[in-house]
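Asks: Below, each chain spelled out in residue letters.
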Amino acid sequence: MTASATELAAVEYFDGRSARAQPVRLSCRDAELRIDGEGVQLGVPLRDVQWPERTRHGVRVAQLPGGASLHCADAAGWDAFARACGRGDTAVVRAQQSWGWVLASIAGLAIFIAVAYQWGLPWAARAALPLVPQTVDAAVGEQAFESIEVHLLKPSQLPPARQQALRAAFARAVAAQPAGSVPPHRLLLRAGEIGPNAFALPGGTVVVTDELVELVDDEVVVGVLGHELAHVRHRHGMRMLVQATAIGVVASALLGDFSALLAAVPVWIGQAAYARDAEREADADAVRFLRNAGISPAVMVTFFERVRADAERRAQERARVRDGAAASAPPPAAAPVEDRTGDARSDDRSWLGIAIASHPADAERIRYFEAEAARR
Amino acid sequence: MTDPSFDGAPTQAMPTVTMRRDLEVRFSGSGSEYFRIWIVNLLLTIVTLGVYYPWAKVRRLRYFYGNTVVGEHPLGFHADPKTMLRGYLLVFLMLALYSVAGNFSPLAGLLAFVIVAAIWPALLKSSLQFRLANTSWRGLRLRFRGTVGGAYAALLPMFVPALVIIAGVAAIPDETQPPDWYVLVFSGTFTLTLLLAPWLWWLLKKYQHEHYAYGPERTALNAGVASFYGVFLKTVLVTMLGFLVFFAVIGLTVEAGGVAGFGRGGEGSGKLFAIVIGVAVALVSLFAVQLVPRPYFTSRMQNLIWSRTASTNIGFASRLRFWPYFGLTLKNWLLVVLTLGLYWPFAAVATARMRLEAVRLQFDVDPQTLADQGRAGEGEAAGDAAGDLFGLDIGL
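Residue numbers (the numbering used here), protein chains in the order written: chain L, 1 to 376; chain A, 1001 to 1396.
Only chain L is shown next, with the shape it has when bound in the complex (with noise of 0.2 angstroms):
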């Protein structure tokens, strides 16, 4: 501590009711900061004294009690007149000033996103969903399923007697399940715009089309709608509303300043990679639904090929109408709803990596079928 890094001139004091500024000189003595000028003689405890963070440029302020400050425009000078007054830097400071520590809070921010996205997300989302009353899951899905209705879907054209043996056949399988394992639920069958599909949604509301109906045979549908029920069981509709919310808190935080439409972009991508892992979920769950009720999980696999081949038909058809140049073309089949179970194209969406595409590829998921059919 050399004798003049105690002492500082070339200060500005403002006394906090003028814009008046007058020249003093700052020295340090006794845990007292003595600021000394002409008609200014002041003694301020060292504590008292709100010091400025130290940055790389700009003037530096210091605000005393009272309103009043000093300015010095000599940030060197300054800085070693705060540290022979024994003021250090707090840790925040400390850590923006070095590009270490920057650095180490980079890591630190990518573990803890990582971490969080992967493990703690869904952990926090298990755990709150409890908090959610079930009324809230049926309410949201009631909501869901009205704008679904009124724009998507038809009444089913199946005869009765199909509707009759489909539901009894859905009936005996949900009757051979071990009790307390089917959540509350009401099977829908409907006709409409959306190719064959089934799709639950949060509240126990499954829709399964006309289209899947006539596709597959019933065993194959009970498996799909086992399927479903799992989505239903573990509330996986609400889970991904509360990680969405969660995704984009963190999001804003990261990128809202900048553009709101930026951060909407984790919030797509998170949700994609979370719906995959649901729909594993809800795979091994269908498997369980097949076995109890007595039906080889294979039917899985006759599913997606019978999709996948009514997809090419349906290309096919629409390429010959687009050629033909006729007049009266049917609306392409391909609405994407709250859960696709069979979607023919995940191939082709291979290149878009893992993050994207919201079901694991096909020819995963019959791999995984083939397996669980070829272990009983």
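Note that these hints are calculated values from the structure, not bench results.
All the pointers check out, no bait thrown in.
Here chain A is said to cover these stretches of chain L; the calculated rule only asks that three of the stretch's residues, wherever they fall, bring their Cβ under 8 angstroms from a Cβ of chain A: (1) 61–74; (2) 92–103; (3) 107–117.
Predicted model only: the values in this text are computed from it and were never measured.
We put the CB at the ideal spot given by N, CA and C, even for glycine.
Following the hints, put chain A in place on chain L, whose structure we already have.
Replies: Then chain A, alone, in the frame of chain L:
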């Protein structure tokens, strides 16, 4: 009375001769330094589940204010993070109630909207009061002298259109099949709001810029509503022009791509085409709202408002040019996207620099002589938090 030749004493040498002095605004912040502040703030905010946010905000504002040098003196920011935390909790609670209410029933949503509308102007007023009372230059705090009544007069017209639409939703029996009158009311209100938008914006800015005070100086906004309509109209024209140019470029690209891809044909080129179209649509929407109209509107509005803001002895002039600002916006977007957001602090500093350094102040009085006129209220931190959440800003 006395002979004027005797008035040579130094104290009376220059009594009323105004000495005009121009003060430049300089921004001394650096991107790399703000990057370090930002990343540490971010880590602490996320790790503390948001509790650190007010501290982060104070650090950020202190950095930006402290590097905004007017003449030779920087601005200061003095808010206490602990007060702000309380404000944030309050506003967060309010916002949560508000967003939950809409899910229950349209009527509850209407009620929540009315409540928010009823307290929002008071929050705005205290937000401005809080922000300015915690901002200083040359050791002297700025003030906001607007009244609560003035805030209501300025803001309530903004809520009328939304109120009409929400009330309509609450009144109709079935949301999926709105009756004809509702469609009429909705489109009518929508059109009217569009036509009135410049006037509503003018009301808000007038309220803000008529009540800034520094010592005895108090600002006024000498811009009529017609000038606001001018800026809005020109923004619409520029947007359309931007669209035209952009579509022309895209059209040529697709044309070229289509011709090149035709030889191969088949499904592959169709898919490629769909991807190109998808990317193009995303780009157009980005371009349409973010890249052209926003910088244009921001620069023109800043110039209009700040050049017409003046107090008795202090005037402002802003000359923010569109093309450099547009170029900067484009560059910022590109780099932020390419670096997955890490460029953002650099972008924020560069934007602040360009916008702040476009402003000059003219003093007809020596700043040394300005003094505060008694203490005014400091406003509520809750207001500041509300301003934050609803995206309110001083406009610089």
